[in-house]
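Please build the complete structure, drawing on both the sequences and the hints.
Protein chains in written order, with my numbering: chain A, 513 to 623; chain B, 5 to 119.
The set of hints was computed from the structure by calculation and includes no laboratory data.
Note that the structure is a prediction, hence the values are computed from the model and not measured.
Beta carbons are placed, not taken as given, at the ideal position from N, Cα and C, and that holds for glycine.
Fair warning: there could be bad hints in the mix.
Result set (DSS-like, lysine-lysine): computed pairs, CA atoms no more than 27 Å apart in a straight line [stated by the list, open to error]: (1) A/Lys610 to A/Lys622; (2) B/Lys82 to A/Lys554; (3) A/Lys554 to A/Lys610; (4) B/Lys21 to A/Lys554; (5) B/Lys15 to A/Lys554; (6) A/Lys610 to A/Lys580; (7) A/Lys610 to A/Lys583; (8) A/Lys568 to A/Lys610; (9) A/Lys554 to B/Lys19; (10) A/Lys610 to B/Lys82.
Here are some chain B residues pointing at chain A (derived, C-beta under 10 Å) [as the list claims (entries may be wrong)]: (11) Gly7; (12) Gln10; (13) Pro12; (14) Ala35; (15) Gln41; (16) Gln45; (17) Pro47; (18) Gln54; (19) Asp60; (20) Ala97; (21) Gln108.
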Amino acid sequence: GESVGLHLPTLSVQEGDNSIINCAYSNSASDYFIWYKQESGKGPQFIIDIRSNMDKRQGQRVTVLLNKTVKHLSLQIAATQPGDSAVYFCAENTGGFKTIFGAGTRLFVKA
Amino acid sequence: GAGVSQTPSNKVTEKGKYVELRCDPISGHTALYWYRQSLGQGPEFLIYFQGTGAADDSGLPNDRFFAVRPEGSVSTLKIQRTERGDSAVYLCASSLSGGAGETQYFGPGTRLLVL
Chain A
513 GESVGLHLPT LSVQEGDNSI INCAYSNSAS DYFIWYKQES GKGPQFIIDI RSNMDKRQGQ
573 RVTVLLNKTV KHLSLQIAAT QPGDSAVYFC AENTGGFKTI FGAGTRLFVK A
Chain B
5 GAGVSQTPSN KVTEKGKYVE LRCDPISGHT ALYWYRQSLG QGPEFLIYFQ GTGAADDSGL
65 PNDRFFAVRP EGSVSTLKIQ RTERGDSAVY LCASSLSGGA GETQYFGPGT RLLVL
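Encoded structure:
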């Protein structure tokens with residue numbers, strides 16, 4: 513099937529290692545940030561979100577870090593598994609409904 | 005319940021033709037969004053519906069693109085006089101009420117190829 517993001521930045525990690533995917537956002541007025549996972553042939557799937565009044569939020573095996581000073585967002589995946597292989601998008605929201613997506617990072621997990 | 009569904013999953017058409025893409029949101033979700041995703045890019049916002057009305061259509065690229073949601077549930081994205089540059093994956097998403105910070109749930113997309 514069609515592959516999303518043939519020319520995206522790529523991160524390759526060994527199964528079991530931790531992954532860190534970085535994202536720079538552009539709008540200092542953005543107050544809500546989301547990470548999405550997109551597998552080939554599927555729509556984006558919500559992973560975790562964070563509001564601008566926080567700098568860290570943890571989920572199951574995932575952690576999002578927000579640095580508003582430098583407008584940087586990161587997604588950390590603990591003990592990366594083959595099923596984590598996908599394209600990951602960060603997205604920002606300025607308080608309304610409109611969500612602006614970044615370009616994405618492709619994560620390859622080597623077994 | 006069921007997630008967001010989109011039909012058709014794939015659509016091949018010729019330049020100049022008219023196409024309709026359908027989205028069935030999650031039942032009970034009043035907010036519906038259309039995005040377009042080109043190869044190697046993140047989704048780009050096209051239009052947002054709150055109920056039956058288009059609350060923001062600022063992302064529609066030109067007047068060849070139009071979307072409706074007549075009964076506040078199913079939505080149809082319509083593209084007239086298709087061009088090769090319209091080839092992309094068209095994604096639909098819905099959320100409960102469209103409030104700030106609400107999770108948007110995406111469908112699988114319709115892959116449009118204009119020859």
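| query | Out of the numbered hints, which ones does the structure contradict? | reply | Those not satisfied are hints 1 and 13.
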